[in-house]
Amino acid sequence: MAEGIRDKVVILGMGCSRFGERWDCSAEDLIAESFQEAVADAGIDRDLIEAAWFGLSMDEQNLGKSALSLSQALRLPNIAATRVENLCATGSEALRGAVYAVAAGAVDIAMALGVEKLKDTGYGGLPERSRGTFNDLWQPGVTAPGSFAQFASAYAARHDLKMDTLKEAMAHISWKSHENGSRNPKAHLRKRISKDAILNAPMIAYPLGLFDCCGVSDGSACAIVTTPDMAKRLGKTGELVSIKSMQLSLSNGSEMSHNDWDGSYAHTTRIAARKAYREAGITDPVRELDLVEVHDCFSITELVTMEDLGLSQPGAGYRDVLNGKFDADGEVASNIDGGLKCFGHPIGASGLRMAYEAYSQLLGRAGDRQLIRPRRALTHNLGGFPNNNVCSISIFGRLDS
Numbered sequence: 001m002a003e004g005i006r007d008k009v010v011i012l013g014m015g016c017s018r019f020g021e022r023w024d025c026s027a028e029d030l031i032a033e034s035f036q037e038a039v040a041d042a043g044i045d046r047d048l049i050e051a052a053w054f055g056l057s058m059d060e061q062n063l064g065k066s067a068l069s070l071s072q073a074l075r076l077p078n079i080a081a082t083r084v085e086n087l088c089a090t091g092s093e094a095l096r097g098a099v100y101a102v103a104a105g106a107v108d109i110a111m112a113l114g115v116e117k118l119k120d121t122g123y124g125g126l127p128e129r130s131r132g133t134f135n136d137l138w139q140p141g142v143t144a145p146g147s148f149a150q151f152a153s154a155y156a157a158r159h160d161l162k163m164d165t166l167k168e169a170m171a172h173i174s175w176k177s178h179e180n181g182s183r184n185p186k187a188h189l190r191k192r193i194s195k196d197a198i199l200n201a202p203m204i205a206y207p208l209g210l211f212d213c214c215g216v217s218d219g220s221a222c223a224i225v226t227t228p229d230m231a232k233r234l235g236k237t238g239e240l241v242s243i244k245s246m247q248l249s250l251s252n253g254s255e256m257s258h259n260d261w262d263g264s265y266a267h268t269t270r271i272a273a274r275k276a277y278r279e280a281g282i283t284d285p286v287r288e289l290d291l292v293e294v295h296d297c298f299s300i301t302e303l304v305t306m307e308d309l310g311l312s313q314p315g316a317g318y319r320d321v322l323n324g325k326f327d328a329d330g331e332v333a334s335n336i337d338g339g340l341k342c343f344g345h346p347i348g349a350s351g352l353r354m355a356y357e358a359y360s361q362l363l364g365r366a367g368d369r370q371l372i373r374p375r376r377a378l379t380h381n382l383g384g385f386p387n388n389n390v391c392s393i394s395i396f397g398r399l400d401s
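Numbering (UniProt numbering), first residue to last: 1 to 401.
Careful: at least some of the hints might be erroneous.
Unchecked claim - Below, in silico cross-link-like pairs of lysine to aspartate or glutamate (EDC-like), each with a Cα-Cα straight-line distance of 20 Å or less:
| no. | residue 1 | residue 2 |
| --- | --- | --- |
| 1 | K232 | D41 |
| 2 | K195 | E179 |
| 3 | K195 | D329 |
| 4 | K195 | E168 |
| 5 | K186 | D59 |
| 6 | K119 | E28 |
| 7 | K275 | E28 |
| 8 | K119 | D59 |
| 9 | K232 | E3 |
These are calculated hints, taken from the structure and not from any lab test.
Please put together the full structure from these sequences, using the hints given.
Structure, rendered in structure tokens:
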């Protein structure tokens, strides 16, 4: 019976570019920015890297459909390199490839790097033209804000919740994100904002207002991974951050095919969470997780995810949010770096950016936003739409925890 990857792989080094509207940089510049930090942090020569996974979601960036752009930008020494794409879980998928290669013993040192020059593609949330037969038949004219607005309406209906109360909870989430992002020098949005401004902002797709939606960002993040023994041989004598679990769950069409799913939760998140906790040996996530980085593409997504991860009871997430359970000084800090909402969401880099924050916090390197000695962290991506998505969950911790 498979025993999983718990503690078989550690992070040797990580890097992350500044996220934002990086009009002055090319995608290759952003790749180099995160890579150079990761290599310096790892304390190794580039030529020790034996394989690489390249996360890139959009094709409209002149980077091609392979990993050649990564290999050429960094002058990698003719090693194996593979491009991966899995919607908003693309960065996490790149990391999973590198981690699995090391855990399997195929290589000693592997790299994952994700990038997106999203501003250059002209990408926006509204409107989206139908692209081919699938959208024509199943989701004609779908938009991300419209889809997740339905998520909010379904949640309110399921739990008999007044929309004004739900909007207040969503506003608290957005307010928290801006508070956290203001302390992060690499975040795209660093301006603090009041809850009144959030509640009175222009409506995008009811009940989601402007500040309930994440923006469009450029950025890159990179991780270099190896085995615990190799890390020690390379001189890493301090604390090491290990991978406790990596799980992936995809929709199979059932959410779109019958009424058993009522639209108020993410089915795949619940499945991936159960598998991730089992692999990591976690039985009480509220007590055993110190921080989470969740996919807050919209404020409602973060709220529902707290329940799907078992950090709140079903129907109680909005109360926990309003009570500050997930604030920086709460029981389980959520998106302490500003999240997708304020750090930014360059699609190919987001999962690795979350890992970067977990890694930084676990090693006590997070500066003004540093939590008090965290030991375990979870990252969560939800790519696609509530009824049709890819969910990735990873758990990180100190090697001795």
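Broken hints, by number: 5, 7 and 9
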